[in-house]
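Residue numbers (this note's numbering), protein chains in the order written: chain A, 1 to 269; chain B, 1001 to 1231; chain C, 2001 to 2236.
Calculated directly from the structure, the hints in this document are not laboratory data.
Any given hint could be a false lead.
Below, simulated DSS-like cross-link-like pairs (lysine-lysine); rule was C-alpha separation at most 27 Å, straight line [claimed, not checked]:
(1) B:Lys1121 x C:Lys2125
(2) A:Lys130 x A:Lys158
(3) B:Lys1045 x B:Lys1121
(4) B:Lys1121 x C:Lys2123
Okay, here's what each chain looks like letter by letter:
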Amino acid sequence: MRRIGRWFGSVVAAACLVASVAAGAAPPTIFAAASLQPALDQLAREGILGSPAPRLVYAASSALARQVEDGAPAALFISADERWMDDAAAHHAVVEPSRVDLLGNALVLIAPAGSDTHVDLRHGAAPLLKALGEDGRLAIALPDSVPSGIYAKQALTKLGLWSTVVPRLAMSRDVRAALNLVVLGQCPLAIVYRSGAMSEPRVRVLATFPPASHQPIVYPAAIVVGHDGPLERSLLLALESPRARKVFRRWGFDAPPALHQLRRQTVRK
Amino acid sequence: MELLTHSEMIALGLSFKVSLVGVLCSLPVAIGCAWLLARTRFFGKPFFEGLLLLPLILPPVVTGYILLIVFGHHGAIGRFLDAAGLSIAFRWTGAALAAAVMAFPLLVVALRNGFESVDRKLEHAAATLGAGPWRIFFGITLPLSLRGLVAGLALAFARAFGEFGATITFVSSIPGETRTLPIALYELISTPGGEDGALRLTLVAVVVALVAGSVAALMLLRGGARQEVEA
Amino acid sequence: MIELDLAVQRGEFSLELSLASPARALALFGHSGCGKTTTLLAIAGLLRPQHGRIALDGHVLHDSRAGIDLPPPRRALGVVFQDARLFPHRSVRDNLCYGMPRRDASDAFDDVVQLLDLPALLKRKPGQLSGGQVRRVAIGRALLRQPRALLLDEPLANLHREARSEVLEHLGRLKREFALTTILVSHQFDEVAALADSVARLEDGRLAALEGVDAFRSAGLVPAAAPLVPHPLPTR
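Extracted from the complex, chain A is given alone in its bound form (with noise of 0.2 Å):
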């Protein structure tokens, strides 16, 4: 009998350890991209993600990407497109048999709330041209390394615009910037992703890019090397949850193309 409760005694010390140690444990760090921001934040605030609340970091994914591959203390990353998470797994930083198609987006064109601009993306440069005006510019952000610019690009090269439309380009730094030019009415234009213009009421939606003019917009998540642990495998699962899409979707993100979801159950296994 005593023996019995000596074990039972050490198993509850041990219990309480670990309780404390992971009470005292500062809370893990996600490394997201800035469209994520509002998406995610609700997430947290409504104790989704568990508790205590993850640290949320936002920034461009590229700049992310290169700090996870530095070795930045991250316990997941988020990106806003596959090839920076590629980049992410060449150099090694990500776990990848944890990488998940997390969410999907579509590419818009925007304008001010309050103008009345009408533009129909099947009918050639003109109607886009006219749209802007004597010297308007149309807003999006750098097309070669961010990722909002990268499938707007695409998009307009796929539909016949882009060259015509690339000496009317303003270039931003990010997404969010390109849309808040947008909103303080610096530019006529912007593309950027439906789930941006959603959470902004001072723009409106003037057309959707097709699907199949770009690649398919997908934000991959994964755990990031060295913090391979139970929390972050349910952290991980917390984001894919049916709670958490219902989130998601209010902001505009869907569930990634069905393609990527194919790829994502066969990793897992």
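Since the structure of chain A is already known, use the hints to place chains B and C on it.
This is chains B and C only, laid out in the frame that chain A set:
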């Protein structure tokens, strides 16, 4: 093998243009402010000093944002510029303003130190000889603080040349118009595989900074040594 | 006619002076800290008295009651400072011409240059001059302003013996050649005895005596209070 690609050369040339124009145009204003700080006393002077140092303290993106809402389209000052056909939004002139604003505190501080180093007794002597404030300034104060002025210009130019955050926030990146060397550098760093180009541009930027820094140091050191000999 | 009536408060030091003198050359005599340089600065307009009236030959430079306070450039005075204050970046010629009312008054220029033996120095910079030469250039510069009065602040201070006699001789020549109202500030007996017509003795910011130079000479060295070694340059 060429050192820089065509678009990089354009960015380099644009940087020189933007920095030179920005700093030279802000020089008269900087001289005026530095003179006020060095030679006058007035109510609210500490507040004025703080205001001049603001671009040094604020995050560059914030400064760029302020420039955007003041000088951009529909801005407090921008609307008048637009009406007069002198808009600087999304133009190299806007980039020059951003560079000038960010470099301004350095310029004012250097000029102020230069003016303060001029013996006021010489200015008093000039006054007794019949010279008014302008004649004293241009004939005595300015020539005697020329070293400080050149040093300040060199430092301000280097700062203007390397300006990034305020520029890209205010006038975005537009090749040939606002895409300066630091912005081109940033774009390369942000592109996977762009590291080689980034390194080349970094070398160019380092050379420019070294030259500017050496000029500044030369002016300040030689000036100091000469004063010791005369005393 | 030199009319001085002023009160100055500088920190703990207070100066109260009231005199009127018809002398052409008036000396303010006393040792360091007695207020003579303060008086000179007030006359030059570089220091504002708390209240008072300063007039030279009928021209009012400052009158606190009447609200008159001419700024230094308009007082038409030639000031020779104790530290000369030549402009180091300009040539001797440029220094001399700095205060000239009309650039083409070349006669006056030649006269002064001859009088002070400056022709050989015209192209030099102040840094290349000896102490005595610097003083002479400073005097010439003040003269070429064609002022209505000359103010000299310790013109022979800190000069070694040769330079002293050199400058003293030139000042003597000046006195003979130009009938210019002069106010001389000095703590040195021989300077005052050689150049002044009238002497105002100052002590601790007050006028102790106003006498003609003959009386001053016969009184000999100021008793007791006069130090026997040159004073260090007073700090201002």
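Looking back at the numbered hints, which does the structure fail to meet, lowest number first?
none
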